[in-house]
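Enquirer: According to UniProt numbering, the sequence shown holds residues 1 to 134 in order.
It should be emphasised that the hints constitute simulated quantities derived from the structure, not laboratory data. One or more of the hints may lead you astray.
[Claimed, not checked] Mimicking DSS-like on lysine-lysine, the simulated pairs with C-alpha atoms at most 25 Å apart in a straight line are: (1) Lys86 to Lys74; (2) Lys45 to Lys90; (3) Lys67 to Lys45; (4) Lys54 to Lys67; (5) Lys45 to Lys74; (6) Lys54 to Lys74; (7) Lys90 to Lys67.
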Amino acid sequence: MLKRENQIQLTDAGETSAADLIAETLEMYEITQRDFARRIGVSQKHLSQVLNHKAFISATVALSIEKVTGIPAKLLLRLDTNYHLKHAEKPAAGSAQKIRSISNVISGQRLKPIFDCAVVKTIAQFFVPTEQPQ
1 MLKRENQIQL TDAGETSAAD LIAETLEMYE ITQRDFARRI GVSQKHLSQV
51 LNHKAFISAT VALSIEKVTG IPAKLLLRLD TNYHLKHAEK PAAGSAQKIR
101 SISNVISGQR LKPIFDCAVV KTIAQFFVPT EQPQ
């Protein structure tokens, strides 16, 4: 029986990227970057940039990799996105206030949710000024 304390926790989300998985696959099957790049239809330079975490994998490339290796494209894209989000620069502390100030100028009034549902209202509160403009 599964108990709450036995649940698996994903603690390294964002630590492994699609590039890491591709590199392991190339090493395991002893495939060169040049040969793999040719098989998936990209330049060796682009593959090198992906493997060095300097470029994203596009959906088209992910589908090509899936066709050649059997690694699901969705998995590659999720790994790549999680990695890049974890390693992205964090916005400056005052950014949220600047965004609210800009929305005040653009709208000139309090924005109203389009749909009357809890999810939209929850999301809308982050984009709606808390005070009425003077």
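Enquirer: Determine for every hint whether it applies to the structure shown.
Expert: Here is how each hint holds up against the structure:
no., hint, verdict
1, Lys86 to Lys74, "holds, 18 Å"
2, Lys45 to Lys90, "violated, 29 Å"
3, Lys67 to Lys45, "holds, 21 Å"
4, Lys54 to Lys67, "holds, 23 Å"
5, Lys45 to Lys74, "holds, 23 Å"
6, Lys54 to Lys74, "holds, 20 Å"
7, Lys90 to Lys67, "violated, 35 Å"
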